[in-house]
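Residue-level listing of the chains:
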Amino acid sequence: MLEAREISVPLIGGHKSLAQVTSDVCSAMDRRPTLWWWLAFSIALLALGVGIAATSYQVATGIGTWGLNRTVGWAFDITNFVFWIGIGHAGTLISAILFLLRQRWRTSVNRSAEAMTIFAVICAGIFPLIHMGRPWLAFWMFPYPNYRGPLWVNFRSPLVWDFFAISTYFTISLVFWYIGLIPDCATIRDRSRGWRRKVFGILSLGWDGSYRTWLRYETVYLLLAGLATPLVISVHTIVSWDFATSIIPGWHATIFPPYFVAGAIFSGMAMVLTLMILVRKTMNLQDYITHRHVDVMCKMVLFTSGIVSLSYFTEFFTALYSNNPYEQFTFINRAFGPLGWSYWIMTSCNVLVPQFLWFKAVRRNLVVVFLISILVNVGMWFERFVIIVTSLHRDFLPSSWSTYSPTTIEIATLVGSFGLFFTLFLLFCRILPVIAIGEVKGVLEE
Amino acid sequence: MSTQIHKQYWKALEERNGAVPEDLHPHHPHEEKEIPVGRRDFLKLAGFTVGGTLLAGCQRAPVEKAIPFLIQPEEIHPGRSFYYASTCGACSAACGILIKNRDGRPIKLEGNPEHPLSRGGLCAVGQAAVLELYDSLRLKKPKISGKDVSWVEVDEAIKLRLDQLRRTGGRLRLLTGTLHGRTAAVVIEKFLGTFPNAQHIVYDPLSSSAISQAYEQTHGQRLVPRFHLDRALTIASFDADFLGTWISPLEFTGSWRAARRPDAEHPLVPYHAQFESRMSVTGSKADDRFPAAPAEIRYLLRELTSLLAAKANVPIPDRLKQQGVPASLSHVSLNKVADRLWETRGHSLIVAGLQDVESQLLCNFANHLLGSYGTTIDLEHPSRQKQGNDRALAGLVSELREGAVDALLIAGVNPAYELPLEPELLRGVPLLVSFSPYWDETSQLAHFVCPDHHFLESWGDTEPVHGIVSLMQPALEPLFETRSLLESLSAWAGELKSAYEIIQENWRLNLFPLSGAKTFESFWDQTLHDGYAKLQRPSVGAENFRTAALEAVRSEPLVPGHALALVLYPKVAITDGRHAHNPWLQELPDPISKVTWDNYACLSPQLARDLKVEEGETVLIRKGNRSLELPVNIQPGQHRGVVSVALGYGGMMTERFAHIGPKWLEALPSIGRNGRVGQNVSEWLGLTADGLSYELDEIKIEKTGRKHPIASTQTHHYLTVPKHLAPRGGERRPIIQETTLAALTEGAHEETAHHEKHPELWSEDHIYPEHHWGLVIDLDACTGCSACVIACQSENNIPVVGKDEVRRQREMHWLRIDRYYYEEGARVDVAYQPMMCQQCGHAPCETVCPVLATVHSSEGLNQQVYNRCVGTRYCANNCPYKVRRFNWFDYAHEDRLQNLSLNPDVAVRSRGIMEKCTFCVQRIQEAKIEDRRQNRPLLDGEIQPACQQSCPAQAIVFGDMKDPKSRISQLIKTRRHYRVLEETNVRPSVGYLSIVRNRGEHHEETEGKSHA
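If you're matching them up, the sequences are chains A and B in order. Going letter by letter, the first sequence gives residues 176 to 621 in the working numbering. Going letter by letter, the second sequence gives residues 125 to 1136 in the working numbering.
What the hints contain is simulated information worked out from the structure, not anything from laboratory work. All values derive from a computational prediction rather than experimental measurement. Some hints could be false.
Heads up, incomplete: computed chain B residues facing chain A, CB under 8 Å, no partners named [what the hints assert, rightly or not]:
id, residue
1, Leu744
2, Ile859
3, Arg934
4, Asp942
5, His980
6, Arg1009
7, Thr1108
8, Arg1111
Chain B is nowhere near these chain A residues, computed Cβ spacing over 10 Å in every case [to be verified]:
id, residue
9, Ala340
10, Val350
11, Pro432
12, Lys474
13, Trp533
Quick look at which bits of chain B chain A covers, simulated, 3 or more residues with Cβ under 8 Å [unchecked claim]:
id, stretch
14, 860-867
15, 988-996
Glycine residues also receive a C-beta, built at the ideal position from the N, C-alpha and C atoms.
Using the sequences and the hints given, assemble the complete structure.
Have a look at this one:
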């Protein structure tokens, strides 16, 4: 009975007409930016500036400006990388997998989720680059024909797989996003004049809205969705291999691929929630991004939190059951050692906090959902920190045990990555339709 | 403007060959105008001129000729290194060295394997001396009142003053450290002989004067005997750190090692008991180590003596009779030690490092009872390495206090820094001459500074042990306008001769007759070639033990005190501070504490708990009106009633380190609030007629609440993981394995070591067609002395990073020595483990590098390709041994001149790349090329990595594991052999031999071998 009622609730509220949809979504682009937008944009730009300054200083001076040491060779850099890649997961999941699964509610959020994916992957991609001792030689990661004799990349190295996985993921996501944008670009073209008409005219690739165009468009979209689907699984699987193929206790675990994928979806969904709740409020899109959307995404968060929690438990169990003293120590140390606080932040944010989402009242309360989504992202950032730093800082030989604390430069770099992300996202909100107009029109109530 | 080539046709052969006869080149003024000098030509010419001038300017005009190669000897080629035998002058032990010269400059010092004292090793301090040769802070010219002048001016001015002294009969005092060269003695005697009232006073900052005073009383000769540890089966040491810093540690390490034969058919490991207040290197290797307060150590020595006297049935004065061991010393099994000493009498040895004549008298008596004289102690050919006479020093100080010294000449020591003197004392001397090569505390006070050479650029001779002489020879022209002490003194005595002439003349006269050689030339050449010569010197004529000397021993009952004692001690690298300005030595982790760049107050864990202080917090040490604030280092094994502080820090010369290390936003300086590295504690030394004393009773200590972070390379010190984090069964990691002599003896015919076999996924992945290099390190022999660390640093151009970087755990040493404690009840065991790249067969680093910057060689080496490295650091993360080092910054060398000591065979690494131990691949290649050139097979032992070469204990063996006859293959088969983290199946090429303790317990489980 309950389900029937749920279904009967329309996906888009407010009994919108087709024209209303267009004007609602495009109004943000027509108006001058609000004061709030300017405020957010300047904060984001400032953060980006801080990040650029810190990164330039680091590249000019040396990796030593980070708090790393002989034992902990990765910390904030790779934590941020995996964090952003994880964020990037929700976009493709929503656009591709949910599309294939005919989850019609996705239409309200897929555009911004995909944009988020692309921006997050951009943020992620910066870190492997700047974490190198000699980033100016980063092109050596690319297997191009060269005159250096038989020098080639090492296809056994997960970092090379990473390179391929991320570049593929980025390309497919970008293409997928752009293909989805074409009908909307045509809409904007048709309702604007001047330079905007020209630009969107080019971007819409001569879209004429004919039946044949729609048919081809939908075929291409379906095919791309099919292509993108395995990537959702593969990218984070490969990222997890960065750790799983090593021999460091705490990294060397077969559970990593599913665990990482689930964690990525978990954090991605949480980030989509964070952004959607903001966009909905600030851009007056309550009718498009409804409580129902939030509710569905909350359930996804809850589900993936369950997988992640199970993984945490399994990791511990495997370690304790393994009878391998190094492995056992790593996990005890992870929870109760000097960096144990990070472990407890991780578990409370990722295991305990999402449990509130079992309650419908919580899922309906956007303020609470917003807070939960932020906490989940904090928790997921710490998950990567815990995996990377607590495994490294005390491994086999006690003589080399060490600790880690970030420098201001590292913190500034993290801040900068958020600055970049929000700068891009705020620009996106101004320049492109944040909701897929064409797709939403398809799910309006008859 | 033509730049075309004007063809010059030659008219005669002479002209073509360059010799242009005037008449063949008719003068045509018209023609000259035809060849205008264009802009480009002008620039070319100008370039050549400037370049040529610069090149010409780089040529040093030689002053003293060290025979340049007019005709290049056939065997010498630029780019190939050759070796000179010489003698180390870094301390008074005078070990034999080989100076590795490359392209005309010394780049590394190595031990001379044929030298009878040092037997091939060279300690950290000796190794680091090569850096000091190129120290741009050395004085470049003599100085008068702080101003640079020429030698002529100095000589004139000083001669004037000295002549005045000769006339007036004023008191001249020459204050030096130990100078055991016979030539120096002759020159000094001659120089002092020209004065009516002159005296030569010798002191050692690390004094052994009490020993020589005691021998004067017991054997009628002022001497420090030569100890033969290789002949000892039982050693009892009372605060003598003979493996660390005492008298001649390198020699002692070699002979201590020679006595250990745990792998022989009848395993033999001498028993060694150490009584000491702090944890010393020697104590860490002892089979039984008894922590005791300084007063207790004396008491225990007396008790032991009376126990031995009872066994020997020798009557002793009543007051020396046994008084029983008080409760505070109940942990000391003195009877056991006495029994063992007595059992092996004739092959027993008691050494005492106490600066206390009474204790030394008792020590001599005990050795006499044990029959050590003539076997383990040589009095006929004693050591000459510690000539200091503290009584004479005290006499000088009282003369200075009276203002009775008219001229003081100071060479080889820095009394203004290292003695507890008021600065006014030296300032008040009318003529103060310093021979220090540095602008240090003493030369600052001096009216004249006449800088001495570095020992690598000077001629010199030494006689560290009666009858064993050796030469120092210059390996390059003096870099600065310095002059040897011998030359200065003889110039002022009226003879202007070079040190070379002086030494040769003296050797011809005095040493050659004792050599047994046919001609002087052959004797000289042979000595120069070998680095040493043995002379048939008559014995010094020590008498038999005089029991009467014991009368001088007063009896003091042991006062069970709760007062704290301060013990000042020398650290392995910094010793008395004379090399404290050497960045390599400052950054060398102390073998025990693993702390760099500072001295600190060592407290026992219990005292630290009582004071509620933690490491890195500071304490205030007070006595009377003296106070000293130092950071705390909690030292397991330290006696609870003792605070120990290292000497040699806080010197003026360490102010140079204000700017060492990378400069960036959050960088902290290497120096402390006083602008120097560490604190000088010399004012806490005692200097009385009894000599220099390194102990102080009844000090007060309090917590300050302030912090002074110390830079330690190791933060966790135990093999056991922290108790609250320990998984069941995995508390102690099987990284260090130990066995006992009893276990080895019992199972002497057991099977050889078995190694775990793991399944192979890629068995054909690496085949080693010719060689498979490996290393075996004997942990039993390793004393942690860290000579190898500096050898590696010198060989492989490893930068110094400064205190802040070490504190951030970013030291760059490719080879480190892990030090672990293991506590069993009250006993603290120490284990050292040199750890470097293990050159794994299944190297985890190799698979993860995305750009193939680390690859496996066909000889089993894990090669790091610096050019290819992009610096992802994944290899370092994935290294289970954490031996990879990353260039976090561009480590510019502080001193450009010091770059001359870089090894041209090893690349200097730039920022952002990974580096690590290469097994000294440059040495492997050099040997291989040489052998291929000579068409002969590689011999086992021909390749020695720098660490193996420097090891005084011969704990490191390098070799080809594919060659079944090689020494390393034999060692791999021994029962003690194991590999660290073998269970991870990374297949390390480095193996270790377990530690052997000579302990009563019959079977202490060899840790880890049975581990799952």
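Could you check the structure against the hints above and give me the numbers of any it violates, in ascending order? 1, 5, 8 and 14
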